[in-house]
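Participant: Given these sequences and hints, build the entire structure.
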Amino acid sequence: MPFFKPEYLLPTAAFLCLTGEALAQCPSTRFAERSVPGTPLLPAVTRIEIENPSAPSKPYPAIPGSPVDRAQTTGGVVGKSSLTLIVTLSSDVASGCELPFSVYDDAGPTINHRQIASDAVFPAFYVNTRPYLRVIANGSNQVRLTLPVAIRLGTSHIHRHRLGLSTPYSNQTPETPVPFEFQNNPVRIASIYRVGANTGPAQPGERVEIAVKTVEPIDPASSDYTVFKTNGDPRSNALKVRYSLSPTNLAQFPSLTNGSVAAFAPNFADGSSRLPIIISTPTPANLTLKSTTNLAQIPRVPTRPQLNTRPAAPAATDAPQSLVVSAQLYTESTSEGGETLSLEIPLN
1 MPFFKPEYLL
11 PTAAFLCLTG
21 EALAQCPSTR
31 FAERSVPGTP
41 LLPAVTRIEI
51 ENPSAPSKPY
61 PAIPGSPVDR
71 AQTTGGVVGK
81 SSLTLIVTLS
91 SDVASGCELP
101 FSVYDDAGPT
111 INHRQIASDA
121 VFPAFYVNTR
131 PYLRVIANGS
141 NQVRLTLPVA
151 IRLGTSHIHR
161 HRLGLSTPYS
171 NQTPETPVPF
181 EFQNNPVRIA
191 SIYRVGANTG
201 PAQPGERVEI
211 AVKTVEPIDP
221 ASSDYTVFKT
231 NGDPRSNALK
241 VRYSLSPTNL
251 AQFPSLTNGS
261 VAAFAPNFAD
271 GSSRLPIIIS
281 TPTPANLTLK
291 STTNLAQIPR
301 VPTRPQLNTR
311 PAAPAATDAP
321 QSLVVSAQLY
331 TESTSEGGET
341 LSLEIPLN
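Read in order, the letters of the sequence shown correspond to residues 1 to 348 in the numbering used here.
Some clues are possibly wrong.
Unchecked claim - Here are the simulated DSS-like pairs of lysine-lysine, each with C-alpha atoms no more than 30 Å apart in a straight line: (1) K240 x K58; (2) K58 x K213; (3) K80 x K58; (4) K229 x K240; (5) K240 x K80; (6) K213 x K229; (7) K213 x K240.
The set of hints was computed from the structure by calculation and includes no laboratory data.
Facilitator: Laid out in structure tokens, this is it:
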């Protein structure tokens with residue numbers, strides 16, 4: 001069962017206590033011929049502000065006049081993974097009525113047209129559903145809409161989108177949607193380290209556990225994030241880690257079946273995600289035995305082919321004395337991004 005945040009879910013229980021009179025006051029979200037006569041139309045969005053968690057009485061403007069006035073998120077991070085819009089409507093809406101919002105790209109058509117940029121920023125659950133876009137009215141002309149924001153890796157990016165309420169399914173002409181803007185910051189890797197008190201050389205066959213931490217804790221809800229590529233294909237936006245080994249023949253990942261990528265699962269008290277590796281015995285390749293003959297003492301004549309000295313086989317001290325494990329954050333929708341951290345493990 002996917003992990004959902006309460007504020008992302010449609011509180012359908014509210015419908016159970018609605019009376020027939022209250023239902024008739026709700027704006028129509030269906031085709032006009034199926035609506036109850038006298039049903040009001042959906043109101044227009046007239047203003048947007050963005051909640052400021054650090055100063056609730058001073059929300060951010062929808063379009064900032066300066067960088068300090070711009071709302072910021074860090075998609076996928078606890079307490080920073082969503083954007084709450086304070087939406088003012090053109091009229092009051094009866095308490096308990098459902099309001100279906102739509103998020104549009106900064107420019108372009110709004111009806112029967114894919115919103116490519118928005119599909120890549122505001123994730124869906126169950127591949128193609130966004131329950132957080134349906135809000136229950138409270139009897140006033142103002143509602144709050146909480147939008148989860150997709151995980152980003154590498155660098156920050158400023159996003160601009162538009163919000164509207166009218167839906168093509170009600171045969172209404174959508175009003176001009178209102179723009180809003182925010183900055184989404186990347187999830188960053190903090191450290192990679194060896195778990196346990198043993199910091200000495202690892203032995204062949206030994207199981208070594210590697211831990212990776214992020215700078216800020218990851219929101220469990222982000223494990224269900226799905227976004228859409230330009231061609232419409234869904235891609236998971238869940239945080240993962242891409243690991244690499246050097247030299248590659250000195251260890252292996254026994255728990256990975258998909259190469260070197262593992263889900264970031266912060267299931268430990270320190271917030272780390274862990275992965276075991278098994279130390280293996282390196283197999284020398286292309287070793288050549290050292291000749292015991294002093295080639296310099298072989299007589300050389302003009303017609304005799306010259307012998308080239310072969311390199312000596314590597315001594316035991318030439319074998320790799322350590323293993324380097326590297327880690328970089330990754331999602332299927334963004335690929336790798338951000339800093340790569342490495343850990344050197346001495347070998348015996």
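Participant: Work down the list of hints and note, for each, if the structure agrees.
Facilitator: Hint check:
1. Only pairs whose Cα atoms come within 30 Å are accepted, and K240 paired with K58 is rejected, the gap being roughly 36 Å.
2. Distance restraint check for K58 and K213: the Cα-Cα separation of roughly 33 Å exceeds the 30 Å cut-off, and the hinted pair is therefore not satisfied.
3. Annotation: proposed proximity of K80 to K58 holds, straight-line Cα distance about 17 Å (limit 30 Å).
4. In summary, the hint linking K229 to K240 is supported, as the alpha carbons are separated by about 18 Å, within the 30 Å threshold.
5. Taking the CA atoms of K240 and K80, the gap is about 19 Å. The hint holds against a cut of 30 Å.
6. Using a Cα cut-off of 30 Å, the hinted pair K213 and K229 holds, with the two alpha carbons roughly 28 Å apart.
7. Straight-line distance between C-alpha atoms of K213 and K240 comes to about 11 Å, which keeps the hinted pair within the 30 Å bound.
Hints 1, 2 from the list above are not met by this structure, while the remaining hints are.
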